[in-house]
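J.: Start from the sequences, fold in the hints, and give me the full structure.
Taken in sequence, the protein lines are chains E and U.
For the first sequence, the numbering used here puts the final residue at 178, and the numbers step up evenly by one.
For the second sequence, the numbering used here puts the final residue at 123, and the numbers step up evenly by one.
One or more hints might be untrue.
The list that follows gives simulated cross-link-like pairs (lysine-lysine, DSS-like), each with its CA atoms no further than 30 Å apart [what the hints assert, rightly or not]:
(1) Lys-93/U x Lys-48/E
(2) Lys-61/U x Lys-44/E
(3) Lys-81/E x Lys-53/E
(4) Lys-71/U x Lys-53/E
(5) Lys-44/E x Lys-71/U
(6) Lys-18/E x Lys-59/E
(7) Lys-53/E x Lys-61/U
(8) Lys-169/E x Lys-144/E
(9) Lys-18/E x Lys-48/E
(10) Lys-61/U x Lys-18/E
(11) Lys-48/E x Lys-61/U
(12) Lys-61/U x Lys-59/E
(13) Lys-61/U x Lys-75/E
Source of the hints: derived by calculation from the structure; they are not laboratory data.
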Amino acid sequence: MLEVEFNHIYHQHSKLVYNVCLNYLQNTSDAEEACQNVFVKVYHKYDSFKQDSEVKTWIYRIAINECLDQIKARKRNKRNPFLSILSFGNEDVIVAKELNHPGIILEEKESMEKIFKALNELSENQKTAVLLKSMEGLSQKEIAAVMNLSEKAIESLLSRARANLKIKLDDNEGK
Amino acid sequence: MSNQNQKSMKFDTHEELLSRVQRVEPPAFLFTRIEQRIKNSLDYSFSRKQLALVSISLAIVLSINVVAISKYANTVKQNANSIEALDNSMSLSTSNQLYNE
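T.: Here it is, written out as structure tokens:
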């Protein structure tokens, strides 16, 4: 991949990737780490990208997968802190962090913390669908392309996610 | 207002809250870091040609070893057979017990 081409892709999509990572991981340092990994992957995989989808959709997919990987690594480290010390080259994986999202205004931080807590309890697919719809403002068609699912599947995924989110929020409020 | 309505209103505000989260500009240092990481990964990576060359030479070394070992095993077997034939032709005893003949 040419440097000029990469620069162009970075400057066109860096805000998108950083915000997806931030919304997913809800922490600036994790988001920066994930964002770096995403663009390193984009650089290495661009030549094998088959152009059967838009670059933006492809980058969205890489970003979401990277965030899911980070969350999995975080859970793994939380479950087994001893092994995380031994895992070489994975020193930057951070164990559960508190909400640190510069896009949230201070007055709304408390209520956003509750919503993000409930969101994090949803399944991977449901969380992705809600984040892409509510925070990224994507249409169902665009979400379907990113998640490689049909529009109908996204519709039912979103309605199930909304119902579950409602239950989780009520449960958390009841605690 | 019914409980159901209150709940759905509450959810609307939650979705609204999520959509109100502002988009943030990535830090300026991020690009330099990414460039550095790409550079580092290129320094330590091998090209396909290099990988193919290494794997071909490894395969050659391995096959030479296999051929050499099998040839050596054959000569050892042949030597054992020729010694046995010599013993038989000269009717030599192959036993170590010298006093029981």
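J.: All the hints need checking, so say for each whether the structure fits it.
T.: Outcome of the hint check:
{"no.": "1", "hint": "Lys-93/U x Lys-48/E", "verdict": "violated (47 Å)"}
{"no.": "2", "hint": "Lys-61/U x Lys-44/E", "verdict": "holds (13 Å)"}
{"no.": "3", "hint": "Lys-81/E x Lys-53/E", "verdict": "violated (37 Å)"}
{"no.": "4", "hint": "Lys-71/U x Lys-53/E", "verdict": "holds (23 Å)"}
{"no.": "5", "hint": "Lys-44/E x Lys-71/U", "verdict": "holds (21 Å)"}
{"no.": "6", "hint": "Lys-18/E x Lys-59/E", "verdict": "holds (12 Å)"}
{"no.": "7", "hint": "Lys-53/E x Lys-61/U", "verdict": "holds (24 Å)"}
{"no.": "8", "hint": "Lys-169/E x Lys-144/E", "verdict": "holds (24 Å)"}
{"no.": "9", "hint": "Lys-18/E x Lys-48/E", "verdict": "holds (20 Å)"}
{"no.": "10", "hint": "Lys-61/U x Lys-18/E", "verdict": "holds (22 Å)"}
{"no.": "11", "hint": "Lys-48/E x Lys-61/U", "verdict": "holds (15 Å)"}
{"no.": "12", "hint": "Lys-61/U x Lys-59/E", "verdict": "holds (24 Å)"}
{"no.": "13", "hint": "Lys-61/U x Lys-75/E", "verdict": "holds (27 Å)"}
When held up to the earlier numbered hints, the structure conflicts with 1 and 3 and fits the remainder.
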